[in-house]
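Visitor: Single-letter residue listing:
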Amino acid sequence: MTATVLPIALALFSLSLLLNLYRLLRGPDIIDRILGLDTLNVNAIAVIVLGGIYMDSSLIFEAALLIALMGFVGTVAMTKYLVRGDVIE
Amino acid sequence: MMDGSMALPFWLDALIALLLLGGALVALLGSIGLARMPDFYMRLHGPTKASTLGVGATLLGSMIWFGVGHEGLSVQEILITVFLFATAPVSAHMMARAALHRRVACRERTHGEPWDEMDRLPGYAESSSSSDSQR
Chain A
0 MTATVLPIAL ALFSLSLLLN LYRLLRGPDI IDRILGLDTL NVNAIAVIVL
50 GGIYMDSSLI FEAALLIALM GFVGTVAMTK YLVRGDVIE
Chain B
0 MMDGSMALPF WLDALIALLL LGGALVALLG SIGLARMPDF YMRLHGPTKA
50 STLGVGATLL GSMIWFGVGH EGLSVQEILI TVFLFATAPV SAHMMARAAL
100 HRRVACRERT HGEPWDEMDR LPGYAESSSS SDSQR
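These protein sequence lines are chains A and B, in that order. Oh and the first sequence: position 6 is 5 in numbering that gives the first Met the number 0, straight run, nothing missing. Oh and the second sequence: position 118 is 117 in numbering that gives the first Met the number 0, straight run, nothing missing.
By construction, these hints were calculated from the structure, which means they are not laboratory data. Note that the coordinates shown come from a computational prediction; the quantities given were computed from them, not determined experimentally. One or more of the hints may lead you astray.
As the list claims (entries may be wrong) - Just a few of them, taken from the derived set where beta-carbon distance is under 7 angstroms, the chain A residues facing chain B:
(1) M0
(2) L11
(3) Y21
(4) L23
(5) D28
(6) D31
(7) D37
(8) T38
(9) N40
(10) E61
(11) A62
(12) L64
(13) F71
(14) V82
The beta-carbon is built from N, C-alpha and C at its ideal position, and this holds for glycine as well.
Required output: the full structure, derived from the provided sequences and hints.
Guide: Here you go:
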């Protein structure tokens with residue numbers, strides 16, 4: 000049953016990645032683009048995890064962990080820059 | 000590639016399939032909200048709540064999948080889940096604060112301005128104005 004559901008879940012996540020990309024490219028304000036990029040990161044983690052199930056190997060999860068870490072650091076740095084005008088004061 | 004799935008009992012397979020499909024649907028709902036809502040403060044709701052739940056359900060399904068009889072539960076997966084659930088509210092809070100600071104336009108039918116509450120916080124208006132003048 001999981002084997003049949005897995006491609007459907009991957010397709011749904013790909014669709015949500017496209018919607019996030021639309022917001023990232025279109026976003027009226029720069030903060031909309033930051034939100035779109037952050038959601039893109041979170042959904043990319045899920046796509047990588049589903050790919051790990053598909054390939055039956057947990058080797059790829061290191062990339063997902065890296066994306067989770069770097070995505071959070073990037074979001075905080077960008078919003079910090081917008082609020083304070085500087086990343087590290 | 001999926002040859003090991005036959006070893007799983009039926010109810011566990013059904014549970015994993017339900018978690019994966021439900022997680023993908025909820026995450027898609029959050030992304031539709033991100034793409035369709037009219038202003039930023041509404042758009043923030045979609046990804047910060049729905050996408051986190053959807054990705055969390057997907058990660059839980061993957062944890063059950065790998066935990067029962069495949070390679071065993073990997074440390075990276077638990078770390079991803081903990082990290083995602085710890086950082087998603089923090090980044091959402093930072094983005095909302097940045098939007099309030101920049102006074103991003105809200106919808107015309109909003110009652111009051113969203114940043115009124117922010118100006119009423121003790122010490123915020125002074126510190127923000129002084130930081131603007133200093134830097």
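Visitor: If a hint holds in the structure, say so; if it doesn't, say that too.
Guide: Here is what the structure says about each hint:
{"no.": "1", "hint": "M0", "result": "holds (4 angstroms)"}
{"no.": "2", "hint": "L11", "result": "holds (4 angstroms)"}
{"no.": "3", "hint": "Y21", "result": "holds (5 angstroms)"}
{"no.": "4", "hint": "L23", "result": "violated (10 angstroms)"}
{"no.": "5", "hint": "D28", "result": "holds (5 angstroms)"}
{"no.": "6", "hint": "D31", "result": "holds (6 angstroms)"}
{"no.": "7", "hint": "D37", "result": "holds (6 angstroms)"}
{"no.": "8", "hint": "T38", "result": "holds (4 angstroms)"}
{"no.": "9", "hint": "N40", "result": "violated (9 angstroms)"}
{"no.": "10", "hint": "E61", "result": "holds (6 angstroms)"}
{"no.": "11", "hint": "A62", "result": "violated (9 angstroms)"}
{"no.": "12", "hint": "L64", "result": "holds (5 angstroms)"}
{"no.": "13", "hint": "F71", "result": "holds (4 angstroms)"}
{"no.": "14", "hint": "V82", "result": "holds (5 angstroms)"}
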